[in-house]
Amino acid sequence: MDAVRKEIISRLEREILPLEGLKSLATDNHINLGFRPIEASFPNAIFPVGCIHEFLSSSKQNLAATNGFIASLLSKLMQFKGASIWISASRTLFPAALQQFGAEPHQIIFIDLKKEKDVMYAVEEALKCTRIAAVIGELKDITFKESRRLQLAAEQSRVTGFLVRHQPKIVNTIACVSRWRITSSRSELADGLPGVGFPRWNVELLKVRNGKPGIWQLEWQYNHLHEIRKNIASISQEEVRKTG
Amino acid sequence: MIRRQPHLKDVPFVLALPDRGKIILTEVSAAAQDRGLFAGMVAADATVVLPEVVMLDDKPDLTQRLLQNLALWCIRYTPTTAIDAPDGLILDVTGCTHLWGGEENYLRNLIGKLKEFGYHVRAAMADTIGTAWAICRHGKIKAIIKSGEQVEALMTLPPAALRLEIDTLDQLPKLGLNQIGSFLNMQRSALRRRFGQQMLLRLDQALGKKEEFIEPVIPVEPYGERLPCLEPIQTAKGIEIALETILEVLCSRLQKEGKGLRVASFKGYRVDEKIEQVQISTNHPSNNTEHLFKLIQQKIETIEPALGIELFTLEALKVEDIQPTQQTFWTSNSSLESSEVSQLLDRLESKFGNKIVHRYLPDEHHLPERSIKLATSLKEPPATSWQIEKVRPIQLLRVPELIHVTAPIPDYPPMNFRYKGQVHKIIKADACERLESEWWADGGLHRDYYIVEDEEGKRHWLFRLGHYDNDNNPSWFIHGFFA
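Residue numbers (our numbering), protein chains in the order written: chain A, 939 to 1182; chain B, 2 to 484.
Simulated from the structure, these hints should not be mistaken for laboratory data.
For every residue, glycine included, the Cβ atom is placed at its ideal position computed from N, Cα and C.
Each statement offered as a hint is correct.
Straight line, CA to CA, 16 Å or less: simulated EDC-like cross-link-like pairs of lysine to aspartate or glutamate:
1) K426/B x E457/B
2) K998/A x E457/B
3) K998/A x E402/B
4) K1053/A x E350/B
5) K356/B x D1050/A
6) K1053/A x D1079/A
Just some of the chain A residues that point at chain B, by a computed CB distance under 8 Å:
7) K998
8) A1003
9) A1064
10) T1068
11) I1070
12) P1132
13) V1134
Away from chain A, derived, C-beta distances all over 12 Å, residues of chain B:
14) P13
15) L90
16) C97
17) F184
18) L202
19) I215
20) K238
21) I276
22) H405
23) G444
24) L446
Bound-form chain B, shown alone (with noise of 0.2 Å):
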């Protein structure tokens, strides 16, 4: 709070929300809580105690917002972050802490930047969540507890550092066990049957007899590379070689599995806690550097360093094997299979958005807008054969347009007709092809197609949508033209 309103600094301030129909404190700063105010007094002693106290409205969700921003900015300390609720932060450091020179340094670093923030925080390191919980929480600040001696640590503390039930908890201290050594070596059977199986279980996570797992806020993509800059970086040149390096690392890796990446997304940890990401896709699984990075160097004047990016990511969101290049080499010489083609593809996807590029394959409709479908990737091939024994024009208009016309009833092709203002004298035409429409999509009318040629030579394709009959005139439709 102090970090987006400076002023508050030093003047005594407090949260409140209404609560029942009275406003209680919710949280109170360091200043308010040396003169005696708390959390979960009503608003109007707290004004009788300290008159000039500044009371501001809390958020309901306030807490659990910061701490989840502040989780997304340790990410550049480490992968994996979890919130612990309602006020805990649990990284998992394991291979992180040497980017800052050892284990002390690292947390010297990471309590240093927080505190800069203006937190509070309380911080130790240990081989289980359980003995780290309970350390920072009960015991000395800034302790890095070393492998294997959890149990010393946890000997003198409280039984809460065990983060017990709340009924255990009040039992404990009325039996004299006020300090976990006290029933640390006890029977595990006894444990058990006093207090139920959660207090076993607590007291095998910190002693890490039983795994524990986080749920981290941004799950850890298997395929994915940190690059932490040691300034932060600001110029696109400079995003560039972060690029390359991270790139390369990842590639590599890539290669040696003999996988490529589909999708990736590049992100840009900022100074001021936000993140920049752009994301790619490709056509064909690649793992080639140059390629990948010229797709993303298109996009990287998306990024705003602003006052300057400390960590880059990139992640491969979906990966895939990529298939022996010599296969294709000796097999096919069919250009569409070709890295080239599909390189290509993806310069253009990426410039100009992913639905640009089409291809098609024949489907069993006779419906000209049905016999064709969309392919999905460039290597499909076509299920049945393209149909030629009916005539299809060149140019199919996507909706069709209405046109006048003077036809004789009940089923001949029209003598002239009327589009775009002009009258085209209809000189030869062939029989109609009725094409039904199918009633297990859509029903409605079918259509009699005919192709007709007009005086000029130009032949198109007309068609009458239903029946003459009665009380219905059909309408006529220019549907395309043909070569």
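With the rest of the complex left out, here is chain A (with noise of 0.2 Å):
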């Protein structure tokens, strides 16, 4: 009887989550991010494309964390579909340190405009447009209903949003699959060593439908996402020497 009710509940959950926008179809393709914990998070352990990711930020120092993780999130993207686009009405980011994160800078369309409301428009244009890989947004405020056209526009193009909400006036809850929030953290090298080290971040994963919600300390080297744990003696000795 259990074990009947249990597997009426486990197809039931799996029919809820095409509904709710976390469909992966098979036509789409799977990003391997290249670290699984967060991968597990989601739903079927596969990060979701075709949908809506929203990043907070509160200071210009965290939008540069925050930039450069989706930039790492980007280049996987990118490898299936090529372009994507970047639309902002206050954009600081500095295209050629996107290369850093493994996204091409040329292959960024950046869409510059004067006023948010404009942004949300170009944001929803942008999310229809099939053939583009992924489009970043930089969004201050969003309404609930807002955040549904997008989120619907994602799911019929299939095509991912990033939305970057640097200092928004009130964090209100809008329809996307995954809410993230990335700070720097202090960066370390091996054995001590003076210096500044990898770009290295505190990736909080706080809200994610029908997955698990989870903190990682994480450090980017060599094009690849790698854990810190509190032991940093792990780092091969080989790496160790290129630092120097």
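Each chain sits in its own coordinate frame; assemble them with the hints.
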């Protein structure tokens, strides 16, 4: 009896997922983040594409960390479809730096608008274009209704949307599959060498639809995400030589 | 003039202009002419002859402007209209008359419209500019000279009809040559000897033996379509239908020739002589009716139809060859070249303006703000590779901001700095990277950049402008944030 019930429940869960905007189609390219624990937080252990991810940032420095993390995700997404579009009304992103995170800067089209309202329109239009890999929109405030429009557009076109919300007035709930907060954390070099190390972030997956939120300490090294454990002596000898 | 000020309709009035200390009549209305006034009369005399005459100031370029506007107005009858100074217009009506139901109706319609405006016009239609000019000034009114009948039409006209020089015109009557017919059949060598090459040229032009060109007021675009409307159109829906029809014709022509337009201008000629126009441009050459329609449709609301638009034109101002779509379909997976992306950008550009789309390519400069350059098109490949040896901040301030630092001299990274009222204590720092300014470009001081990390793990890019020395305390700036 119990087994039957469990089976029914799990089947229902599988049916609910696509209704909630978290469907993954056979035609989707599976994105390999190169870091299992994050993928495992999502349903079916697949990083969802064709939906909206929300990123919160509270300061300029954290915005840098957020954009760095997004760039690392972009590098994986853009392997399949090529270009992506970065829409902003107050962009300080430096295109040349994207290369460090594996994203080719010349494959990204920047759209610099004057008003936040225009960004909203442009993001929605861009999300409807099926030939691009991702749309990044720097939006401060967005209502639930607007976010639902974006989510529906993304589901339709299977384009992944990243909303970067820098210092929003209120952190309201919006229709997206996940909410992240990336903050920079102190870097360390192996063996206590002096100097600034690799980009290191405190990655918080605050909300995820039908998944498990989590917090990780990650470092971006040689085009891959690495988790930082307390003991950093685990970095191999070869890499130490390179950092020096 | 009557058109602007209707109360002048039956009143004799004149236009006058001061000339050598006297006021001279320059133009005389029909009513005034009947009472014995004529152009060139002194104003004082005119008031004696006709005390109730209304005297108005003439503006020197008034006629010229009127002619120019009339020529523009006439574009609804034919795309090629030209000004024939000082008082004429030349229209090239080839292939246009059937739209008005034949040459006669065309001419009657045109003259009727102009008469309604209050102009006194004479018009003639002929194979050559010369003949038409001669007939409309010296022949009968509303004449249409059939093909090949120029000679007969010209026979009885005075020599002045040939647009000859004044010297020649003075000479001809003295020799008893009062009609063109009397010297038309003379030997060419004799004519040249007596009256010069000009005479032969004019004769040949009138008879169609030599080509004559006119200079249209608006150059005719090679890729353009026209759509005259039976009734003036006033509604947005009507304009949309017109646009759709005209686009289809133009696009099918472009498709046949394997071309696409980059810039197009859609014009509406209004009943009241004004021209409304919208212009669009695209990132890739396009001949896709649907896409172009959407682009122009966004701007239709800016068209003010007023009393109605009677002619629409669509001109492709810039046309380029279209790359065959198959090619990109097979070879590249870069979506930058896909038409969908360029159509999206076109839509956004036409909504928000041209300068919103940016794409960057690497440039061989060390200074961060110069190390990228704007790409001219979506397809342009990077000329060099992106450099990654030197770490660059992911957020770069447009203008470096001044900060206050505590730093050991001469060239150590600062121990702390104050930015936006907040003190950041520096825990870690990388060695300095010196970027010299490019003396061949602008000169200025070098910058010593430091990557520093504060106690919260936030990474900044600071620089010191110039050296420390005895009388110089260099400023520190913050230029960016690292991820």
